[in-house]
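Knowing the structure of chain A, use the given hints to seat chain B on it.
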Amino acid sequence: MSETLEALRQGFALALTLPNLGWAFVGVTLGTAVGVLPGIGPALTVALLLPVTFTLDPTSAFIMFGGIYYGAMYGGSTTSILINAPGETASIITAIDGHMMARQGRGAAALTTAAIGSFVAGTLATLALTFTAPALASFALHFGPAEYFALTILAFTAVAVLLGSSVMRGLLSLFMGLALGLIGIDQLTGDARFSFGIPQLLDGIDVMVLVIGLFAVGETLYQAWRHGRDELHAITLHDFTGMSREEWRRSWKPWLRGAAIGFPLGVLPCGGSVIPTFVSYMTERRLSDHPEQFGHGAIEGVAGPEAANNAAAAGVLVPLLTLGVPSSATAAVLLTAFQQYGLQPGPLLFEARPDLVWTLIASLYIGNVMLLVLNLPLAGVWARVMLVPRPLLFGGILVLASVGAYSLNRSMLDLVLLYSVGAVGCAMRVWDVPLVPAVLGLILGPLSEQQFRRAVAIAGGDLTVFVTRPITVTLLAVAAFVLAGPWLLRRWTMVR
Amino acid sequence: MRRAAVSLLLGVLVAGWAAPAPAAAQPVFPHLRLIAPAAPGGGWDQTARVIQQVLLSSKLARTVSVENIPGAAGTIGLARFVSAEQGNGDTLMASGLIMLGAIATYRSALTLGDVTPIARITGEYEILVVPTASPFQTLDDFLVAFKADPESISWGGGSAGGTDQILAGLVADAVGIDPGRVNYIAFSGGGESMSAILGGQVSVGINGLAEFAPQIESGIVRVLAISSGERLPGLEAPTLREQGVDVELENWRSLVAPPGVRAADRARLEALVGAMVRSPEWKEVLARYRWNDRYLAGPAFVRFVDDEEARVQAILHQLGTTRGEAVTLTNAGPYPLFVLAGLALTAAAAALSAWRRSRRAVATAGGPGWRAVGLIAAGIAIDVLLVERAGFVIASSVLFWLTARAFDAGHPLRDAFFAVGVSFGAYGLFARLLELPLPQGVLAGWL
Numbered sequence: 001m002s003e004t005l006e007a008l009r010q011g012f013a014l015a016l017t018l019p020n021l022g023w024a025f026v027g028v029t030l031g032t033a034v035g036v037l038p039g040i041g042p043a044l045t046v047a048l049l050l051p052v053t054f055t056l057d058p059t060s061a062f063i064m065f066g067g068i069y070y071g072a073m074y075g076g077s078t079t080s081i082l083i084n085a086p087g088e089t090a091s092i093i094t095a096i097d098g099h100m101m102a103r104q105g106r107g108a109a110a111l112t113t114a115a116i117g118s119f120v121a122g123t124l125a126t127l128a129l130t131f132t133a134p135a136l137a138s139f140a141l142h143f144g145p146a147e148y149f150a151l152t153i154l155a156f157t158a159v160a161v162l163l164g165s166s167v168m169r170g171l172l173s174l175f176m177g178l179a180l181g182l183i184g185i186d187q188l189t190g191d192a193r194f195s196f197g198i199p200q201l202l203d204g205i206d207v208m209v210l211v212i213g214l215f216a217v218g219e220t221l222y223q224a225w226r227h228g229r230d231e232l233h234a235i236t237l238h239d240f241t242g243m244s245r246e247e248w249r250r251s252w253k254p255w256l257r258g259a260a261i262g263f264p265l266g267v268l269p270c271g272g273s274v275i276p277t278f279v280s281y282m283t284e285r286r287l288s289d290h291p292e293q294f295g296h297g298a299i300e301g302v303a304g305p306e307a308a309n310n311a312a313a314a315g316v317l318v319p320l321l322t323l324g325v326p327s328s329a330t331a332a333v334l335l336t337a338f339q340q341y342g343l344q345p346g347p348l349l350f351e352a353r354p355d356l357v358w359t360l361i362a363s364l365y366i367g368n369v370m371l372l373v374l375n376l377p378l379a380g381v382w383a384r385v386m387l388v389p390r391p392l393l394f395g396g397i398l399v400l401a402s403v404g405a406y407s408l409n410r411s412m413l414d415l416v417l418l419y420s421v422g423a424v425g426c427a428m429r430v431w432d433v434p435l436v437p438a439v440l441g442l443i444l445g446p447l448s449e450q451q452f453r454r455a456v457a458i459a460g461g462d463l464t465v466f467v468t469r470p471i472t473v474t475l476l477a478v479a480a481f482v483l484a485g486p487w488l489l490r491r492w493t494m495v496r
Numbered sequence: 001m002r003r004a005a006v007s008l009l010l011g012v013l014v015a016g017w018a019a020p021a022p023a024a025a026q027p028v029f030p031h032l033r034l035i036a037p038a039a040p041g042g043g044w045d046q047t048a049r050v051i052q053q054v055l056l057s058s059k060l061a062r063t064v065s066v067e068n069i070p071g072a073a074g075t076i077g078l079a080r081f082v083s084a085e086q087g088n089g090d091t092l093m094a095s096g097l098i099m100l101g102a103i104a105t106y107r108s109a110l111t112l113g114d115v116t117p118i119a120r121i122t123g124e125y126e127i128l129v130v131p132t133a134s135p136f137q138t139l140d141d142f143l144v145a146f147k148a149d150p151e152s153i154s155w156g157g158g159s160a161g162g163t164d165q166i167l168a169g170l171v172a173d174a175v176g177i178d179p180g181r182v183n184y185i186a187f188s189g190g191g192e193s194m195s196a197i198l199g200g201q202v203s204v205g206i207n208g209l210a211e212f213a214p215q216i217e218s219g220i221v222r223v224l225a226i227s228s229g230e231r232l233p234g235l236e237a238p239t240l241r242e243q244g245v246d247v248e249l250e251n252w253r254s255l256v257a258p259p260g261v262r263a264a265d266r267a268r269l270e271a272l273v274g275a276m277v278r279s280p281e282w283k284e285v286l287a288r289y290r291w292n293d294r295y296l297a298g299p300a301f302v303r304f305v306d307d308e309e310a311r312v313q314a315i316l317h318q319l320g321t322t323r324g325e326a327v328t329l330t331n332a333g334p335y336p337l338f339v340l341a342g343l344a345l346t347a348a349a350a351a352l353s354a355w356r357r358s359r360r361a362v363a364t365a366g367g368p369g370w371r372a373v374g375l376i377a378a379g380i381a382i383d384v385l386l387v388e389r390a391g392f393v394i395a396s397s398v399l400f401w402l403t404a405r406a407f408d409a410g411h412p413l414r415d416a417f418f419a420v421g422v423s424f425g426a427y428g429l430f431a432r433l434l435e436l437p438l439p440q441g442v443l444a445g446w447l
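First to last, the sequence lines map onto chains A and B. Residue 356 in the numbering used here is what sits at position 356 of the first sequence, and the numbering runs on without skipping anything. Residue 51 in the numbering used here is what sits at position 51 of the second sequence, and the numbering runs on without skipping anything.
So that you can see chain A by itself, here it is in the shape it has in the complex (with noise of 0.2 angstroms):
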């Protein structure tokens, strides 16, 4: 423990100085304002900025990664409250009732829940990845498909508190999702299935095609749909500032809970952050003491799931740094970049370059104080975003929403579907069928399915893998309290 410490203080020795903090400053910005842009997601920010730091030596280039990180992995969010278009996938929690609250005028409020609560829970997992890494990524290595089939059916059940107001239509959602998830290779035969013999179809559809065609194009046509209809409130800000007493009171246990829920979360190599933010949201909704308040603007359902993305993406750099193994596309674009530097990710990095290590952990913390440096201020100012004139918001969204799908792979395909998916997002919109679960189905479905079948074939056919190892039976066990758990509670309590 205090060889730990003082390494860490010999790592904050070498970070800390005047231009470093500004090396900071500028990769808390530019991963922040790359992205912020939708279609972008941390693995393209961060790849696009590297060139950036090529030039600086290994330490300033460290303290400058760790800006870009934190700020690619936060910057997602603040499309997502204010535009109801998430900038990548972690953040598609957030734009549920984070979007609410801008639309009630507290968007400052939810920008500044998601600034500190990333800010806290990426301090606190940053603390956890400083002493707990090693024996955390030895553990992780007990999870194989059958866990992490396990893993996915656990975030499945989050599917339950996003449902809405009918059962039925919460399940046509989910059931769409799962469909376009069918599209693809078969990543285990290699077969192309669904694909309809359109090449580009073969990967399947780009999860983020289907986030920003649902959220920002089916908004903007739904929007339009309405008008007329109903008189225009204008929206007013309730402050510039930030957050009241009242929400900081119900703030700041789901920050706690999102680092606890999306740091080990991020250490298992299963679907990046998206995962951990739909637990917690799950969680904050099951632990509130006004449920009803979900979907309709509760901080918490913005606080939790934005402290549990931050939180994972410091989670992701435990299986990279102690074992070398990328676990996420950002993961295995941060390894090319500290090779770059000599720093070999692997068992042995804490020994060989101790210097570079804890140089990078402490640009960690530097990069996460920065990031709530530049973001706090900032809440107020990109609330105002809210106040822009409606014709010129919803041209400017159809107009980004439009180049990000485009940008993805560069495909008219990818174009087509966003817009087609936009007038299926007006629909559900009218129609009064929530838009998440199908976003849940696309992104765990295929996860799902594929661990199922990579579980039963390692086990040669055996079903009974499912039930006979302990890590896979508790979080099935998990997973079925979590379903049937409120409604047993309820019988209990009656019968008494």
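Hints in this document: simulated from the structure, not taken from any laboratory. A few of these clues could be false.
To be verified - With the C-beta cut set under 10 angstroms, the calculated list includes, among others, these residues of chain B facing chain A:
hint	residue
1	Val64
2	Ile177
3	Gly180
4	Tyr184
5	Pro214
6	Phe301
To be verified - Examples of chain A residues lying across from chain B (beta carbon under 10 angstroms, computed):
hint	residue
7	Val34
8	Leu44
9	Gly190
10	Leu202
11	Ala224
12	Val325
13	Gln344
14	Leu387
15	Pro389
16	Leu398
17	Arg410
18	Val416
19	Tyr419
20	Ala423
21	Thr493
To be verified - If you anchor each label on the Cβ, the simulated ranges turn out as follows:
hint	chain 1	residue 1	chain 2	residue 2	range
22	A	Ser165	B	Asp149	51 to 61 angstroms
23	A	Leu387	B	Phe424	16 to 26 angstroms
24	A	Leu127	B	Gly219	28 to 38 angstroms
25	B	Arg414	A	Leu488	52 to 62 angstroms
26	A	Arg103	B	Pro280	53 to 63 angstroms
All C-beta atoms in this analysis are idealised placements derived from N, C-alpha and C, irrespective of residue type, glycine included.
Chain B alone, transformed into the frame defined by chain A:
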């Protein structure tokens, strides 16, 4: 958004200021575009970005941009490269053995024969690896178990039809077991398969040597065999061949130019790649990423690709990945059928309840906004039709303006002004600052 643009500009200015001044004397390649047919973080993305950096730091090129066209293990990028880059003499694409596998597996209509070969540049050996706790001490132990009950042995590695599976097939074939009986577990990402191997989730793992070097060094895994011809210096790993399995395989990577480039351009690109592989910066990169120097250009490279293509096709055919069956309703497994049935049922139920409600409900006051939706639909249709013909800026301006018209009765001129401004801004941000190309269309000369 403006704030984002300003801060980004600031960052780029800072970066430009920090960059060293370009060399004066050397003849430099003015602008090179590198296509990575993979997503950021993928193998070819890494190759392309490393080349970008070497060309810039060795001052062989003034500017180098990397563009990602991900999809289907590179075959989407290949198709796009052939159709959209025809004759472009300043463009290279990363390719290699994995693309040959993907071409066969996904029955791509285009092959590496449809592009202009430039050179093979790197190679990486493959290893058969187990965690230290595995019961298999040697390749022999493993092969005995495999031959006794082939299906009980799971081989973990990268995506279906990739180098890892090719090696599994070659090994099985060489020891006299039908490759069709290999229980190969394809993982989607490098990280996923690595953790499955390290955690002992599969009987044996196949992976590139370079990615596993740190784990080998630390002794948490044991290399059963390496796919090189000779033992490598500094690595205690026996080759497949010396253990009686007559297989050699190297995951090579190459650079290709678009079809139809002029002879002068081709020579220029070949000279650029030739100069790059001779540079000290490149040697340093090879050592750092543990890549083998496999520079091979000209007719010898073309012959090499032909030979590899034949070998890969043959083994993948035996492995059964080239069946490339198009799965449709008739041959889908239980899971797709479950999902589609669920979709049909819930859709029917939801439609029924909506119909019941609509009969009961009183018509809401005021009709839906058909005019507004119509205007936006027109904008979208024009955008889709025009974006690749007239260019992004024009198509987006029309889309913006019509959308604004849908919500606004008062300010057509103001809206037009903003439409053009926002479209130009978005173009500048994505295409210029971030180098994510957008169609230029008829404005190509001005942008």
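What hints, given by number in increasing order, does this structure fail?
-> 2, 3, 6, 14, 21
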